[in-house]
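These are the residues of each chain, in order.
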Amino acid sequence: MLRVKRSQILLYLLPMLITIAVINLTPIGYTLYLSFTNNTLFNGEYNFVGLTNYSYWFSVANTDLLYVIGNTLLYVVVCIALFLLVGLATALALNNQKIKGLPFWRAALLVPWATPYAITSLIWKFLFNYDFGPINQIGRIFLGPQSGIPWMTDPFWAFVAVVIVNVWLSYPFFTVVILGALQSVPSELGEAANVDGANAWQRFRSVTLPLLLPAITPATILSSITTFQMFGVVYLITAGGPVTSADKPGATSFVMIYIYNKILGDNAANIHYAQIATFAVLIFIILGSVTFLTRSLGDSKESLA
Amino acid sequence: MLSKRVITSFLSLAVLCALLMSACGGSNDTTTSSGPSNQPETITIWHNWQGDYLNAKKAIFDAYHKQHPNITIKLVQQDQLVDKSITALKGGKGPDIIAWADDSLGQLAASRMVVPMDKYLSSDYISSTFTPAAAKAVTYNGKIYGVPETTEAITIMYNKKLVKTSELPTTTDELLAFSKNFQAKNPGKYGLVWDTTDAYFNAPWFYGFGGTYVTEDGKVGLNSEKSVAAAKYINSFRPYLPKQITYDIASSLFTENKAAAIINGPWSYSDYATKAKMDIGFAPLPKVTANNNTPAAPFVGVKSLWMTKIAKDPATVADIMKFYTSKDNQISMIKATGEIPANAAAAADKAVTGNVAIASYSEQAKAGNPLPNTPFMSAVWKPVKDALTASWSGSQSVENAMNAAQKAAEQGVKSINS
Numbered sequence: 001m002l003r004v005k006r007s008q009i010l011l012y013l014l015p016m017l018i019t020i021a022v023i024n025l026t027p028i029g030y031t032l033y034l035s036f037t038n039n040t041l042f043n044g045e046y047n048f049v050g051l052t053n054y055s056y057w058f059s060v061a062n063t064d065l066l067y068v069i070g071n072t073l074l075y076v077v078v079c080i081a082l083f084l085l086v087g088l089a090t091a092l093a094l095n096n097q098k099i100k101g102l103p104f105w106r107a108a109l110l111v112p113w114a115t116p117y118a119i120t121s122l123i124w125k126f127l128f129n130y131d132f133g134p135i136n137q138i139g140r141i142f143l144g145p146q147s148g149i150p151w152m153t154d155p156f157w158a159f160v161a162v163v164i165v166n167v168w169l170s171y172p173f174f175t176v177v178i179l180g181a182l183q184s185v186p187s188e189l190g191e192a193a194n195v196d197g198a199n200a201w202q203r204f205r206s207v208t209l210p211l212l213l214p215a216i217t218p219a220t221i222l223s224s225i226t227t228f229q230m231f232g233v234v235y236l237i238t239a240g241g242p243v244t245s246a247d248k249p250g251a252t253s254f255v256m257i258y259i260y261n262k263i264l265g266d267n268a269a270n271i272h273y274a275q276i277a278t279f280a281v282l283i284f285i286i287l288g289s290v291t292f293l294t295r296s297l298g299d300s301k302e303s304l305a
Numbered sequence: 001m002l003s004k005r006v007i008t009s010f011l012s013l014a015v016l017c018a019l020l021m022s023a024c025g026g027s028n029d030t031t032t033s034s035g036p037s038n039q040p041e042t043i044t045i046w047h048n049w050q051g052d053y054l055n056a057k058k059a060i061f062d063a064y065h066k067q068h069p070n071i072t073i074k075l076v077q078q079d080q081l082v083d084k085s086i087t088a089l090k091g092g093k094g095p096d097i098i099a100w101a102d103d104s105l106g107q108l109a110a111s112r113m114v115v116p117m118d119k120y121l122s123s124d125y126i127s128s129t130f131t132p133a134a135a136k137a138v139t140y141n142g143k144i145y146g147v148p149e150t151t152e153a154i155t156i157m158y159n160k161k162l163v164k165t166s167e168l169p170t171t172t173d174e175l176l177a178f179s180k181n182f183q184a185k186n187p188g189k190y191g192l193v194w195d196t197t198d199a200y201f202n203a204p205w206f207y208g209f210g211g212t213y214v215t216e217d218g219k220v221g222l223n224s225e226k227s228v229a230a231a232k233y234i235n236s237f238r239p240y241l242p243k244q245i246t247y248d249i250a251s252s253l254f255t256e257n258k259a260a261a262i263i264n265g266p267w268s269y270s271d272y273a274t275k276a277k278m279d280i281g282f283a284p285l286p287k288v289t290a291n292n293n294t295p296a297a298p299f300v301g302v303k304s305l306w307m308t309k310i311a312k313d314p315a316t317v318a319d320i321m322k323f324y325t326s327k328d329n330q331i332s333m334i335k336a337t338g339e340i341p342a343n344a345a346a347a348a349d350k351a352v353t354g355n356v357a358i359a360s361y362s363e364q365a366k367a368g369n370p371l372p373n374t375p376f377m378s379a380v381w382k383p384v385k386d387a388l389t390a391s392w393s394g395s396q397s398v399e400n401a402m403n404a405a406q407k408a409a410e411q412g413v414k415s416i417n418s
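Chains A and B supply the protein sequences, listed in that same order. Under full-length UniProt numbering, the letters of the first sequence match residues 1 to 305, in that order. Under full-length UniProt numbering, the letters of the second sequence match residues 1 to 418, in that order.
Some hints could be false.
Each computed SDA-like pair below joins lysine to any residue, with the alpha-carbon atoms no more than 20 Å apart [stated by the list, open to error]: (1) B:K84 with A:N261; (2) B:K93 with A:F42; (3) B:K93 with A:D64; (4) B:K189 with A:P134; (5) A:K125 with B:A273; (6) A:K262 with B:S415; (7) B:K414 with A:F42; (8) B:K189 with B:A177; (9) B:K414 with A:D64; (10) B:K243 with A:V160; (11) B:K84 with A:Y235; (12) B:K84 with A:P134; (13) A:K125 with B:S251.
With beta-carbon atoms standing in for the labels, derived distance ranges [said to hold, decoys possible]: (14) A:L14 with B:S252: 54 to 60 Å; (15) B:K189 with A:L25: 58 to 64 Å; (16) A:L264 with B:S252: 24 to 30 Å; (17) B:S252 with A:G232: 24 to 30 Å; (18) A:L25 with B:V76: 31 to 37 Å; (19) B:A336 with A:I23: 54 to 60 Å; (20) B:G188 with A:V22: 30 to 36 Å; (21) B:S122 with A:I23: 43 to 49 Å.
Bear in mind the hints are in silico, worked out from the structure with no lab data behind them. Just so you know, even glycine gets a beta-carbon here, dropped at the ideal spot from N, CA and C.
Produce the complete structure using the sequences and hints provided.
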């Protein structure tokens, strides 16, 4: 029998642990450190300033933090709700016995999900153009030449546009996950409920859905986090715009886009690295606690059941 | 047995560490010599030259490489050039030379991303070789940061197939009427197109109406009466231009013969004239009716090459800069690009003065204002752009938009001064 000392295990793990520490923890530690300094592009200093940067984000004059986080949360909620709804609907449809060629549909569904998002985003951006985009062009055939939805220039429609694109990109993932779970639900359970006199809705509500939850819950939590940190798709379509006022962030400036625009967007004058680091730390705290909460809530539920 | 295992594990650990160290450690060789080096080396230039315009510039660097086969010049095109350069340089990477318009020099110099080159380029050399405005543009706080390449200003270019010279407007009121009438006569086409949300492309109106963006000492003038009047004038074009207008859309409308005229600069000329084979005419920007017929005043930018803080071999960099901006090279370049050379001897040459495109651009530049190279400019571009975007889309009134821009720009200026 192979006997290994505990210290030896640690020794073998050490290179990997060091790598993780260097690659993952250093940037986090550096950001944390930065958030307590006065570092900007021009001064290049690292003087300790205490909590000044933190109070900046909570000052009355600055409403960016609440606006950006609120806007992002709204985006997450809307997107996730639609992911689930559309994903569930397509999965239930595909699970029907009468559907033929299931492998084909499953592969077809994965196409939007598997296409590089940079390409799809740019195509959608073109589709949404007010004057020359195909969506509005087609609309004009039916509604007259003066009509058109201001997809990219109106704050509300821009929000709708980035929701549409994100749902189009992500719902197939939910479809596949839910479809997999559906097919593992024994049909006898449904038949038994049928014998007991349950109608279609009751069968779905009380038999199928509870059995789907273990598959849906982790997918939802993971998707929420990635949607919260959504960058590429939205940035490529709206770049955080449309701007409704020069002293406010744009209507689709979600957290990551907001940070990016502050550091790298159009010329941002004297880039205040310390303040932006503080913003990132605050987001990290919020995201971390939400994740922790949902995890512990999910655990307690399972232990109850 | 056990000890052997410990030794092997230590060994593997040591190998890993060594790998890590060698990957992280950089080489820092320092060469101190004047003139170009004899060692093989690569000089990287980050730029945003495009299309045919780029080819003419690349030819000069290729010629340099032929004379000095040991020196390879790598041209890398970057959008958001200044921001990307800052990010890269902060991490000790990036280009040896940045090629961009002089308005960014203040920001880059104040943050020590580009460094003075007085040792290699004397101020005597700069002032005797280049035109006065160009020489001034590469000087910041009394130090020389590189060489000026060309000066440029935007003007009106028109498609001779769609519009006659006599029909072209000469005042702002006529221009508005021209856009309106042209569209009425040619449904689906546009009179004059330009990016109505960009701060650089709309500067002619702001300064023509008597307004300012920011003064040299950092006073923001975006919500002054005159600036607001200019923004209102821009907004009066809303019915006659696409709702969602960008530089690219304006440019493709023009090349697809869907727009009679465009406001654009020398960088686009060869694309229109050579690539799209259009018959291009030039017209100066109109006089501003509301401001006693003062001509609209575009920014006159000086495209420059600066040396960054990571450049290891300033002597070679200086030599490349001198070669690139020499009289002969400039003349052969501007034949293709239609730019106004910064080299004084080249600017006085017949090949330049006799060229219609260059003559038109330099005529327009005479009405313009030099693009300031103070860092304050970097605080103004985005607020102006945001305000013009918000008022063009209709989400804000012009007054509110300019007030918000004033606030945002003042904050930016404050952050620079602090």
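(message) Of the numbered hints stated earlier in the document, which are not met by this structure?
(response) 3, 5, 12, 19 and 20
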